[in-house]
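Colleague: Okay, here's what each chain looks like letter by letter:
Number of protein chains: 2
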Amino acid sequence: MAPDYSNVDVLIDRLMAATWMARCGIDTRVVDKRGTKIYAGQADGLQCRTLEIFDSFGFADRAWKESNHMLEICLWNPDSEGKIRRSDRIPDTIPNISRFQQVVLHQGRIERFFLDSLKKYSDIKVERGVLPQSLTFDESKSEDPDAYPIEVVLQHLTEEEANPAQRQATNVSSNTKSDGLFRSNMAADDTDELLDKAVKNGRAGTRETVRAKYMIGCDGAHSWTRRQLGYKLEGEQTDYIWGVLDIIPITDFPDIRMRCAIHSVNSGSVMVIPRENKLVRLYIQMTTTEKGGNKLDRTNITPQMILESAQKTMAPYKITYEYCDWWTAYQIGQRVGSNFSKNERIFLAGDAVHTHSPKAGQGMNVSMQDTYNLGWKIAAVLNGTSNRSILKTYQSERRRIAQDLIAFDHKFSRLFSGRPAKDVMDETGISMQEFKDAFEKGNLFASGVAVDYGASILVAKDGDAAEQGDGTDVSVSKEGGRIIGKSDLATNIKMGMRFPSFQVLNQADARPWQFQEWLKSDGRWRIVVFAGNVSVPTQKKRIDSLGASLSAPDSFLHRFTPKDKPIDSVIEIFTIHSAKRAETELFDFPEIMRPFKKGEGWDYWKVFVDDVSYHEGYGDAYKGCGVDKEKGCSVVVRPDGYVGWIGEIENVGKCFGTNGN
Amino acid sequence: MAPDYSNVDVLIDRLMAATWMARCGIDTRVVDKRGTKIYAGQADGLQCRTLEIFDSFGFADRAWKESNHMLEICLWNPDSEGKIRRSDRIPDTIPNISRFQQVVLHQGRIERFFLDSLKKYSDIKVERGVLPQSLTFDESKSEDPDAYPIEVVLQHLTEEEANPAQRQATNVSSNTKSDGLFRSNMAADDTDELLDKAVKNGRAGTRETVRAKYMIGCDGAHSWTRRQLGYKLEGEQTDYIWGVLDIIPITDFPDIRMRCAIHSVNSGSVMVIPRENKLVRLYIQMTTTEKGGNKLDRTNITPQMILESAQKTMAPYKITYEYCDWWTAYQIGQRVGSNFSKNERIFLAGDAVHTHSPKAGQGMNVSMQDTYNLGWKIAAVLNGTSNRSILKTYQSERRRIAQDLIAFDHKFSRLFSGRPAKDVMDETGISMQEFKDAFEKGNLFASGVAVDYGASILVAKDGDAAEQGDGTDVSVSKEGGRIIGKSDLATNIKMGMRFPSFQVLNQADARPWQFQEWLKSDGRWRIVVFAGNVSVPTQKKRIDSLGASLSAPDSFLHRFTPKDKPIDSVIEIFTIHSAKRAETELFDFPEIMRPFKKGEGWDYWKVFVDDVSYHEGYGDAYKGCGVDKEKGCSVVVRPDGYVGWIGEIENVGKCFGTNGN
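Protein chains in written order, with UniProt numbering: chain A, 1 to 661; chain B, 1 to 661.
Any given hint could turn out to be false.
Since the list can't tell identical chains apart, any single copy or any two copies may satisfy a pair.
[As the list claims (entries may be wrong)] With a straight-line cut-off of 27 angstroms between C-alpha atoms, the simulated DSSO-like cross-links for lysine-lysine are:
1) K598 to K278
2) K119 to K65
3) K120 to K65
4) K119 to K654
5) K520 to K565
6) K520 to K65
7) K278 to K580
8) K565 to K486
9) K565 to K598
10) K312 to K598
11) K318 to K540
12) K318 to K486
13) K119 to K83
14) K422 to K520
15) K597 to K565
Hints were generated in silico from the structure; no laboratory data involved. Quantities reported herein were computed from a predicted structural model and do not represent experimental measurements.
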C-alpha cells in the first residue's frame, strides 16, 4: 500500500517564518518535536531591530510593555587595590539609532505574541510532538514552480514521548543538580533517541508523508535537517564554560538593575542582565581558559557552584537568593554553516547554521532575523510576484551576517572571559579600555540596525555583489540591465539597510506617526515618494506627472497587481511631502496616491507630511533622511523594510521594470 | 419559609466601580439587566483624564492603540456668499495638559478592557440578565460598620427576556427605520416591563435576596435605583433633536478625518467625529429651535433622513455611504440629580444623576469618573483604613462637577445648535467667534484634567468647603484640627487636582517613566517626597531624618499598616530627587524609601530622579511641578491620583495624623 500523503507549500518549524506565511496567505504547516511550549527561564534580549520587526507584525507594544528595559551598561573593574569598582557607564542602546531600545523578556511571552498573531491572521497551528523521520529531495524538480520536490515522513509522538520526564523545573532550589543542564548545549541532542523510540513503538496513523514545495529547518545546533543535507558547521568549540542563574537577587551590589560586565582580579567575570518580574540573569564564567587548562567536571555543575563563583567575583558585595527561576551551563562554540540552503528549496536558519555565545544578546535575534529575511521571499515566489532568483539572496545576506556575528562574538568572548590586565605591561591580561571599546562597538552591531545587505537583484547598490555578501552569486547581469540607485538623494537612507524611522504627520488627520509603523510586514513592496515642497507649482507638476504615469493602464503598478486585487495590494505607495500641512489638502495629490476603494471612499492613510505636531514636537523627517526638502526623491522598500533603491521621483518605474520583482 | 439570602459588601452595576473593588480586594457582585454586552456603534470620546485613569488600571495602552486619535478641530462656517469654508483649526487637546490626547473608541472594546482587568485581579464576574426587583434600606444601621443595611431582591431573567428581539442590527441599510431609536433616550425605558414579565413568568430559583453593605446604582437616565430612593433629576428637556450616523463615509469633504463643527447658513449644523476602523460619526441637528417651533415626528426619523440633513449642511461637498454601522436620534436634556446618595450607603452615579448632550464628548467620561471617585472610598471604609466621613465627599465632589458640566453643555448646545449670525447686527444668530471661544474653553473642561475638587476632609486646601463643592458639609471642624497645605511649595501641583505627569528616571536602572505611571489605582495613598538636591549634606540630612521618623515603630506609617502587611501596602512612598543620577546611589536613601522584602531584597522601583535620559530627553520635573530643586517638598496623593496635601518634607506626618485617613 502506498502511503497517504498531503501537499503543503511550506513546511517549517519556527514561528517567525510561519508569521510571514500567515501574513502572505501561504499554505503552511509548522511542526515542533516538543510537546510543550518554551520552558521557564529561557529569556533573551530583544534588540532594537527585533522590536521594529515585531512592530511590523503588530505586537512590539506587548513586548515593550512586559519586558525589562535596559538603559545603561555599567563596567566594573578592579581598582589598584584589587577591589571592583564602577569604572564606566555606557548607554545600553546607542541614542537615536532606533525608536526602540534593547529590552529583555522571557521567550515564552514572545512565543505567545507570535501564536496570537498567527491566530489572528491565519489558521496555521503549531503541530507539537511531531518530528521528521526521513527527508527525500528530488533535485531535478527544483526549478519547477508547480512541483513538490520535498518529501518528508513525519512521525507523531505520543504525549509521553514529546514531554520527557526530565522537564525543567520552574523553581529549583539551589541544591538541585540534575535539571539545569537539560537542553544545555552540553547535553546530547535527543532527536534521534526520540525518533528511535517512536519508530519502535510505531503505531498505525502516527506517521504521515508530506510533500512540500519549500521547507525551512530552524531545528537548532544539532539540526536534523542539516544532517540530512550533509552540511557542516564550520568553526570550533572553546573550553569556556559559563553558568547561568535566573534569580531574584538579594544583594547590596548597587547596579543589580543595570546591565553590568564585572571583571575581578582573579576570580573571573560576571555579566548582569536585569530581567522582568524582579528577576536578574547572571552569566558567570566557570573556567578561565580558552583551551585546555583546568578542566571542570561538567556534570557536577550546580546552581550553588555557579552562585559561589558569582559571589567571589562580586565581593566585597554580597549576593544571594531565595528564588531561582532557572539555571543552566553552556560551553561557547562559534560556528557557521557551510550552506544555508539546498537548491533554494530546503533552507536552514538560526542555530542550525550558526552557534555562538549567548552573552552578546544575539541568539534569538539573529535567528529570527534569518527567517524574517527568508519568509517573504518564499511567499513572493509562491504568490507569483517574484521569480526564484531572489531566493539566493537569503544565503548571500544572512550567511554574511552570521560570519560577521561569529567574528564579533569571538573577539568579545575573549575580552570578556579574560583576566583584566594589571597594567600596560601585563600582556596576557585584557585591557579594560579595549574591552570598553569593543562593548561600545558591539552595541551598534548588537542593535541589529547596522545590518547592511550587499548589492543583489534586490538591492540596487554599487559594488561587487559576491564581495558584499557571503560569496554567493546574486548579481544582476549587465545584460539583465543592472541599475544602480542614487544614494546621494537620501544621504541618511542606505540601500541595503532598513528604512529608518522618523516622525511624520498624516495629512488627513494631523496624527503623528513614526513612519516605520506603516511599513507592515504583509508581503507588500513600498514606494515612498518624498514629494518635496508641493506648494511650488513646478514640484507639484512633477508629482502630478508621477501620478499620471503610475495610474496609466500599462504602468508597472498595474502590471504587478492582479486584476481582481486592490491597486495597493502588491506595491503600496506612501507619500511624504514637505509643504505646510495646513496649506495643503489631501485632494491636491493624484488619486493613485490615495486610491479610491469601493464602499470605503478614498484612502486617508497614504499621504504624510513633514511638519510640526501639536503634542509630539517636530520629526524633521527630510533632514533626518538627508532628503532635499524642495526636490524630494523616491525610495523603494522591500517587504522586510530594507531599502532596495533610491532615485529621482519620476524614475521609480525603472527600478521595477528590471529588477526581477 | 424565609427567603434564602447572601451577603455581599458592595452591589453594583457598572465596571469602573467593580474594577476598583477588584484592585482593593472587596467582596463584590456586579449585576446587569442586559444579557449581552455593548451594542455596535456605541462609541465615545475618551478624554485625557479618562486615559490617565485607564493607565492607572493598566490598560490605557490598549485603548490608545485601538482608538482613533483626534488631533485637530476644524471649524467650518458660511462665508460671505453662504458657502461653507474652513475658518479655523484648533488643537483638539490643549498641548501639554496631559501625556494623552483625546481619542475615540467603541464602548464594547472599553468594556472588554475592564472585564479583562477584573479577570486578572479578582474573581468578580458580571452577572448578566439580572435585575433588582425590590430594595429595602434600614436607615438605623447606616453607621454600623458590620451591618448590611441594604436588602435587594434580584430577579434572574431568562435568556429571552434579557435579549429583547429589538436588538440593534450591526449593519443597517439606509432604509431601515425601526432599530435606531431602540435605547435612544427618545424610547421608553424597559426596566419595569422586563421586571413585570419576569415576575409573571416567575420560576423557582430565579429570584434571590442579597444583603449588602453598600450599593452603587449606575443604571442610566431612567435609573430604577434613583426611583426607589425617590430622588429627582432637576433641569429640563430641550426640543433639540439630533441624529447620529456611524458610517464609512464616501465624501469629498476634505476634513472628514478631523473633528469638525460645521454651521451652514440655514441648513443646520453637523459635528464630525472620526472613529476607528475608517468609521466616522456624524451628529446632525434635526430641529432648529430650543423650544416649540416646527415639531418633528420623532418616530419617523430614519438614517436616510439624517443623511439628507447632513448633505444639506455639508453642500457643496458630497457625502454618502455604503456601510452604516449604527444610527440613532436623541433629544437633549440637561439635568442633575438632587442627591447622589442615601445615607452614604446607596450611591447613584453616571446618567442616573446627570444627563446632557453627547456632543461634548463627556458622556462616558464623567460617568466613569463618578465611580472612579467613589470606588476607592467605599473600599477604604470597608478595609478599615478610612472612616465613613470620607464618603460624603463623593456628592460634594461629583455633584459639583455635574452642575458645572450641565452649565457648560447648556451654553455649548445653544451655540452649536444655533444659526450663524449674518453680521454683527444679527442678534438672533450665533457669533462664530463666540462659538470658537466656547469650543476652546470647552476643550479644557472636556479634557477632564481641569477637575478641581474643593476643600474637604480629603483635600487640605484653603477656603470654604461647602462653597467649593455642591454645598454638602465635608469640612474638617476647627476642633478636629484642620490643616491647610502649603500650595506655594509646588506651584504647578494643585491640591484638589490630579497629580500632573512628567518624566523622571528610575535611580536604579535609569529607565525613563512618566511618573504618573506609578500612581496605580490599587487603593494605596502615596507620599511623593521631592527630596531636592541630596548631594548637599544639609538636604541629605533632612531626608535621613524623614527616613528615621517614617520608620520609627510609632510612625503613622506603621500605625496605618496592618502588622501582617508589607510596609508599603496602605501608604506607598515615592522619592524624586534632583541631584545627578550618576553621582547618587540608591543605597544613599533611607531604607524605608526602598523597603526590604523577604525573598525579594530591596525595592528598586521607589526612588526616581529628575535628570536627563538617554533616549527621551529631559523631563524637567521639578520645574514642571514648580518645586524648588534644592529644598523640595512632600505631596500626599489620594488613591485616585488627586492631591490631598502639599507641605515641607518633614511635615508629612501631620497630614496623616489628623485627616481621618
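Colleague: Could you place K318 and K540 in one of the four classes (within, between, both, neither) given a Cα distance threshold of 27 angstroms?
Modeller: between (68 angstroms within a copy, 26 angstroms between copies)
Colleague: Can you tell me if K119 and K83 fall within 27 angstroms by alpha carbon in one copy, between copies, both or neither?
Modeller: neither (54 angstroms within a copy, 50 angstroms between copies)
Colleague: From the Cα coordinates, with 27 angstroms as the cut-off, is the pair K598 and K278 best called within, between, both, or neither?
Modeller: The answer is between: 13 angstroms across copies meets 27 angstroms, while 52 angstroms in one copy does not.
Colleague: Given identical chains, is K318 near K486, meaning Cα to Cα at most 27 angstroms, within a copy, between copies, both, or neither?
Modeller: neither (58 angstroms within a copy, 43 angstroms between copies)
Colleague: Reference check for the pair K597 and K565, CA-CA at most 27 angstroms: within, between, both, or neither?
Modeller: Within one copy only: 11 angstroms inside, 60 angstroms across.
Colleague: Regarding K120 and K65, is the shortest C-alpha distance of 27 angstroms or less found within a copy, between copies, in both, or in neither?
Modeller: Classified as both; 20 angstroms inside a copy, 16 angstroms across copies.
Colleague: Please sort K422 with K520 into within, between, both or neither, judging by C-alpha distance up to 27 angstroms.
Modeller: neither (52 angstroms within a copy, 50 angstroms between copies)
Colleague: Quick one: K520 to K565, C-alpha cut-off 27 angstroms, is that within a copy, between copies, both, or neither?
Modeller: within (18 angstroms within a copy, 48 angstroms between copies)
Colleague: Between K119 and K65, at a C-alpha cutoff of 27 angstroms, which is it: within one copy, between copies, both, or neither?
Modeller: both (21 angstroms within a copy, 19 angstroms between copies)
Colleague: Within a copy, between copies, both or neither: where do K565 and K598 come within 27 angstroms Cα-Cα?
Modeller: within (12 angstroms within a copy, 62 angstroms between copies)
Colleague: Check K312 against K598 for me: Cα-Cα at most 27 angstroms, and say if that holds within a copy, between copies, both or neither.
Modeller: Between copies, since 24 angstroms is at most 27 angstroms while 70 angstroms is not.
Colleague: I want to check one pair: K278 and K580. Are their C-alpha atoms no more than 27 angstroms apart within a copy, between two copies, both, or neither?
Modeller: Cα proximity of K278 and K580: across copies only (25 angstroms, versus 48 angstroms in one copy).
Figure legend: structure checked against the earlier numbered hints; hints not met, in rising order: 4, 8, 12, 13 and 14.
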